[in-house]
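**Q** Take a look at the letters that make up each chain.
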Amino acid sequence: MPLKQSDIEALVDLFSQSGWDEMHLEIDGEELFLSHDSRALGGASTAPVPAAVGAAVGAFAATPASPSPIAPSGTVPGASAAARPSHWVVVKAPNLGTFYRAPAPDAAPYVALGAAVTPETELCLIEVMKLFTTVRAGMSGVVREIVARDGEMVEYGAELFWIEPA
Amino acid sequence: MPVNRLFVANRGEIALRILRTAKRLGIETVLGVSDADRDSAPARLADRAVVLGPAQATKSYLDVNLVLHAATATGCDALHPGYGFLSEKPELSRRCEEKGITFVGPRAETIEALGDKLSARALAREAGVPTVPGTDHIATVADAQGAAEEIGYPVVMKASAGGGGKGMFLARTPEDLSANYDRASREALAAFGDGTLYMERYVEAARHVEVQIVGDGDGEVVHFGDRDCSVQRRYQKLIEEAQVTAMPPELRDRLRAAAVRLTSYANYRSAGTCEFLYDIAREDFYFIEVNSRIQVEHPVSEEITGQDLIARQLSVAAGAGIGVAQQEVTFKGHALEVRINAEDPLNGFAPSPGRVAAWEPPTGPGIRIDSHMRPGDLIPPFYDSMVGKLIVYADSREAAIERMLAAIRAFRLEGPKTTIPLAAHIVDHPDFRNNTFSTRWLEDKCLPAFLQE
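Chains as they are written, first to last, in the working numbering: chain A, 1 to 166; chain B, 1 to 453.
Treat the hints as calculated values from the structure; they're not laboratory data.
Please read these numbers as outputs of a predicted model, since none were measured by experiment.
Just so you know, nobody snuck in bad clues.
Stretch-level coverage of chain B by chain A, calculated; a stretch enters the list once three of its residues show a Cβ under 8 Å from a Cβ in chain A: (1) 52-61; (2) 68-75.
Listed below are the simulated DMTMM-like cross-link pairs for lysine to aspartate or glutamate, each with C-alpha atoms no more than 20 Å apart in a straight line: (3) B:Lys59 - B:Asp39; (4) B:Lys99 - A:Glu152; (5) A:Lys130 - B:Glu91; (6) B:Lys417 - B:Asp384; (7) B:Lys89 - B:Asp194; (8) A:Lys130 - A:Asp150; (9) A:Lys130 - A:Asp106; (10) B:Lys59 - A:Glu127; (11) B:Lys332 - B:Glu398; (12) A:Lys130 - B:Glu98; (13) B:Lys445 - B:Glu204; (14) B:Lys99 - A:Glu127; (15) B:Lys237 - B:Asp384; (16) B:Lys445 - B:Asp344; (17) A:Lys130 - B:Glu97.
From chain B, some residues computed to sit far from chain A (all C-beta separations above 10 Å): (18) Val156; (19) Ala179; (20) Leu238; (21) Gln327; (22) Trp359.
Here a beta-carbon is modelled for each residue, glycine too, at the ideal position from N, C-alpha and C.
Input sequences plus hints: build the corresponding full structure.
**A** Now the structure itself:
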């Protein structure tokens with residue numbers, strides 16, 4: 001029985017409401033590791049879970065909706081998708097909002113292409129009606145691709161970054 | 001200010017319904033969807049669909065910030081909320097206005113005034129519209145018992161902030177009141193965040209009748225006739241019809257006039273419905289509430305008038321007025337609507353989500369299907385169980401009943417359990433045919449017999 005996206009969301013919700021520090025779940029060879037400590041690595045877990053609740057890295061099978069004729073979305077399907085190594089991990093948007101690479105208009109971006117990241121490294125901001133959510137890497141590795149464009153709207157589940165795990 | 005690009009903040013059949021009219025009128029459309037609906041029929045029809053958030057409605061359809069952000073970022077100049085979800089949240093109307101987006105619905109203050117049942121009743125009395133004899137807020141059991149003596153038993157306790165039948169308790173005796181008062185208050189608090197109760201006379205045998213109106217926001221109101229929605233289970237409508245045939249004609253004239261008077265007095269903007277209780281024994285009607293949105297059952301009014309109510313809403317939103325005068329609205333024939341819910345009537349109406357293996361709705365003259373379903377579609381478990389509406393139109397009520405029964409027989413739907421077999425049973429029932437039923441008929445008489453068979 002493969003874990004569905006809705007199952008994972010429900011588990012993340014339950015976990016974030018619980019007083020637990022960590023949760024390690026294994027069902028038929030699939031593993032899910034949840035932790036409030038962003039530095040924690042879930043034992044044999046192969047799929048790292050991001051610190052930002054909702055940005056369930058790699059767990060979503062969803063693909064971004066294709067751009068429509070009116071005001072195409074900031075989500076651009078990666079041209080290198082076919083060539084992308086299979087061990088790279090995607091960081092997706094936790095909800096619809098405006099994607100910002102820097103903490104302020106005149107500040108340097110949080111991360112550049114090729115930057116080394118740790119689980120707690122801030123990658124970007126997603127803004128919804130002036131409410132900003134920080135998206136963190138949730139894993140150690142190197143930023144290999146920045147998919148979303150600064151200042152543009154991204155949809156829920158849109159690909160933001162690809163990271164090559166360390 | 002014309003509407004050039006419309007944001008549709010809903011899903012399912014009503015999203016599709018709104019998109020179709022917008023397309024016909026040459027308005028660009030953007031649909032905000034959840035992850036579960038990214039490949040739905042309305043998402044395909046919209047010029048653009050944006051994914052707001054995950055399947056969970058609180059993180060997508062019910063999040064005012066997400067919806068507003070999406071509407072603004074996609075350059076929409078108007079927003080249609082449909083029904084349910086955020087449609088009757090004053091906050092959405094207010095914040096749309098602040099953002100320069102035209103809300104296709106009433107002003108925030110109108111929704112607030114009409115959304116609270118007590119202030120709506122006060123407004124009705126000011127406008128000279130009759131209400132059920134009842135109380136203001138009741139604070140204690142003793143208050144309730146004192147008031148019930150004056151009103152006359154049986155009485156019903158209701159949540160001031162309520163709707164949909166939650167937090168309603170019937171009391172036939174003073175003992176009933178003391179036994180249920182605390183529970184009613186608790187349930188009201190749990191369901192609506194407000195434990196305030198009020199009480200009113202309970203009408204033993206009633207029909208649920210309502211009047212469809214559209215207002216321009218400056219006191220001009222046009223009605224689109226009346227509807228009868230007396231086939232209900234737990235205050236949820238299952239079958240609706242237009243026009244009302246269970247009331248004397250002169251009483252129906254008064255009913256329509258009352259609805260227009262009230263909504264005109266409130267300077268009502270956009271489409272709305274005034275709901276009334278028709279007291280069969282007393283041959284009198286009482287105002288219940290105004291639903292400040294387009295309703296599920298609006299198609300039956302469209303069928304008997306030939307009007308597109310979504311187009312009227314968009315006309316008002318564009319500042320072009322209602323676009324039709326009262327004398328231009330004519331009434332002809334009879335329309336019936338059956339709600340198709342993915343629920344199992346034989347199993348306590350348990351939700352029956354899942355894959356629709358076969359979906360072949362009937363076609364033909366006088367048959368209309370409002371649905372977003374396609375063969376192979378998944379009915380997600382996160383939302384309302386309604387998968388569509390079957391609407392028929394004919395010259396008379398009798399002919400409409402025959403057309404509905406034929407349409408149901410021709411309907412091929414496989415996969416989830418639905419309420420279609422129950423609908424066929426109801427429409428074919430002698431009491432329904434003879435039009436001799438009340439709002440309690442389905443639960444008290446029809447359903448028990450149906451379950452026995």
